[in-house]
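Start from the sequences, fold in the hints, and give me the full structure.
Here's the letter readout for the chains.
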Amino acid sequence: MDLGKFFGDTILTTRMKDLVNWGRKYSLWPMPYGTACCAIEFMGAVSAMHDISRFGAEVVRFSPRQSDLLLVMGTINYKQAPVLKKIYEQMCEPKWVVAVGACASSGGFYDNYSVIQGIDEVIPVHVYVPGCPPRPEQIMDAVIKIQKMIDPKGALD
Amino acid sequence: MTVAEILKKEFPESFISEHHDYGDETVFIQKSNIVTVMRFLKYDARTSFEQLLDLCGVDYQGETPRFEVVYHLYSLSKKKRLRIRVKVDETDLKINTIIPVWEIADWFEREAWDMYGIYFEGHPNLKRLLTWEGFVGHPLRKDYPVNKRQPIPEPLDIV
Numbered sequence: 001m002d003l004g005k006f007f008g009d010t011i012l013t014t015r016m017k018d019l020v021n022w023g024r025k026y027s028l029w030p031m032p033y034g035t036a037c038c039a040i041e042f043m044g045a046v047s048a049m050h051d052i053s054r055f056g057a058e059v060v061r062f063s064p065r066q067s068d069l070l071l072v073m074g075t076i077n078y079k080q081a082p083v084l085k086k087i088y089e090q091m092c093e094p095k096w097v098v099a100v101g102a103c104a105s106s107g108g109f110y111d112n113y114s115v116i117q118g119i120d121e122v123i124p125v126h127v128y129v130p131g132c133p134p135r136p137e138q139i140m141d142a143v144i145k146i147q148k149m150i151d152p153k154g155a156l157d
Numbered sequence: 001m002t003v004a005e006i007l008k009k010e011f012p013e014s015f016i017s018e019h020h021d022y023g024d025e026t027v028f029i030q031k032s033n034i035v036t037v038m039r040f041l042k043y044d045a046r047t048s049f050e051q052l053l054d055l056c057g058v059d060y061q062g063e064t065p066r067f068e069v070v071y072h073l074y075s076l077s078k079k080k081r082l083r084i085r086v087k088v089d090e091t092d093l094k095i096n097t098i099i100p101v102w103e104i105a106d107w108f109e110r111e112a113w114d115m116y117g118i119y120f121e122g123h124p125n126l127k128r129l130l131t132w133e134g135f136v137g138h139p140l141r142k143d144y145p146v147n148k149r150q151p152i153p154e155p156l157d158i159v
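Keeping their order, the protein sequence lines are chains W and X. Numbering of the first sequence is given in our numbering, commencing with residue 1 and proceeding in unit increments. Numbering of the second sequence is given in our numbering, commencing with residue 1 and proceeding in unit increments.
Keep in mind the hints are simulated off the structure, nothing from the lab. This one's a predicted model, so the numbers in the text were calculated from it and none came from an experiment. Glycine included, each C-beta is placed from N, C-alpha and C at the ideal position. You can take every hint at face value.
Residues from chain W that face chain X, not an exhaustive set, calculated with beta carbons under 10 angstroms: (1) TYR78; (2) LYS79; (3) ALA81; (4) PRO82; (5) VAL83; (6) LYS85; (7) LYS86; (8) GLU89; (9) ASP111; (10) TYR113; (11) SER114; (12) ILE116; (13) GLN117; (14) GLU121; (15) VAL122.
Taking CB as the label site, the calculated pair distances span: (16) X:ILE104 with W:SER63: 33 to 43 angstroms; (17) W:LYS86 with X:VAL70: 33 to 43 angstroms; (18) W:LYS145 with X:LEU53: 42 to 52 angstroms.
As structure tokens, this is what we get:
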């Protein structure tokens, strides 16, 4: 039977994994782990001027249990590393991590005994954002890159 | 009579030297007698330095004695400041704690221990203050390697 003829344009057909991915892509819930000025730029990215909700990522959750995008914004030192790792582990799968700014990506100019030289020493990172601090546009660019990462992946595989 | 003169008169065997510029008095004191001198400075009516503003370590690498402990005192009643400097040698890093005189010295001394390895004898809880458990060495010493990295601590089981 021709379903198209029967239902007309009232239904769309797709694959389940594409549907789930589509949902995930446009409802990334960020968990801000802000320790420095990069977090201020994130506030700029969320608020009206740049408005990250245009990409569906405006529901900022301060609980790792409710979020799937970890934004590490700022200097992470050795004493914080176990806390960051714990928060990452508390997030439910699937999850993505963005290292925002020079400090989170590489330690920045803090080349000393107390600062982790990039959070990838502790947790996996999907997108690195350069800048000290980066512009809000760059944070949005990172969100778009994450969305592109979600796109081809099978969610239910 | 300046504070330095009082100290010279009261503790001739502990007094080493003094210098002052622009009302900024500094006195070098022998290490062995530090607690007695500090107690005198706090309670004597001529000095009455009620407050310990800061205590810190200094590393003069290449000199002997190598380390120094610097005490900054402030008199609330007289509105006066005083800096006491005590030389501590690398071979004998022990110095008496001044917690019995000023309790605030507790964390300051822990910091100096953490950063320079100056051991404050009689301190009730001389643990590292700023660095973490398992840290090896004293990072503010001039011979601490700039690129040295310590192992990353694991998450604790916090309930």
